[in-house]
Amino acid sequence: MMKEILREIGMIARALGSISNIEFKEFDLTKGQYLYLVREYTKTWELFKRS
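Per the numbering used here, the very first residue in the sequence shown carries number 15; after that it's consecutive.
Rather than coming from a laboratory, the hints here were simulated on the basis of the structure.
Where a beta carbon is used, it is the ideal one built from N, C-alpha and C, also for glycine.
Some hints here could point you the wrong way.
To be verified - Computed Cβ-Cβ distance ranges for the label pairs, DEER-style:
no., residue 1, residue 2, range
1, L49, E18, 20 to 30 angstroms
2, K39, M15, 35 to 45 angstroms
3, R64, I36, 26 to 36 angstroms
Claimed, not checked - With a straight-line cut-off of 35 angstroms between C-alpha atoms, the simulated DSBU-like cross-links for lysine-lysine are:
no., residue 1, residue 2
4, K45, K57
5, K17, K39
6, K17, K45
Let the sequences and hints guide you as you build the complete structure.
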């Protein structure tokens, strides 16, 4: 059961990654760079909210 759930989550994550790569292609982001930028922004925002 857990394997199936993780497999589904993985498929969703890959699909979202593919969509974001297509949507942000005009900004010359490399594959996966959009996701990295979102993670960094989220970490920065969390630090900002704490201060």
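Regarding the pair K17 and K39, is the alpha-carbon distance no greater than 35 angstroms? holds, 33 angstroms
Would the pair K17 and K45 pass a check requiring their Cα atoms to be no farther apart than 35 angstroms? holds, 27 angstroms
Indicate whether the distance between the beta carbons of R64 and I36 respects the range 26 to 36 angstroms. Once the Cβ atoms are compared, 34 angstroms apart, the range 26 to 36 angstroms for I36 and R64 holds.
Assuming the hint says 35 to 45 angstroms, is it satisfied by the Cβ distance from K39 to M15 or not? holds, 37 angstroms
Going straight from one Cα to the other, do K45 and K57 come out at no more than 35 angstroms? holds, 21 angstroms
Could you see if the CB distance from L49 to E18 stays within 20 to 30 angstroms? Given a distance of about 24 angstroms, which is inside 20 to 30 angstroms, the answer is holds.
Checked against the numbered hints above, the structure violates none of them.
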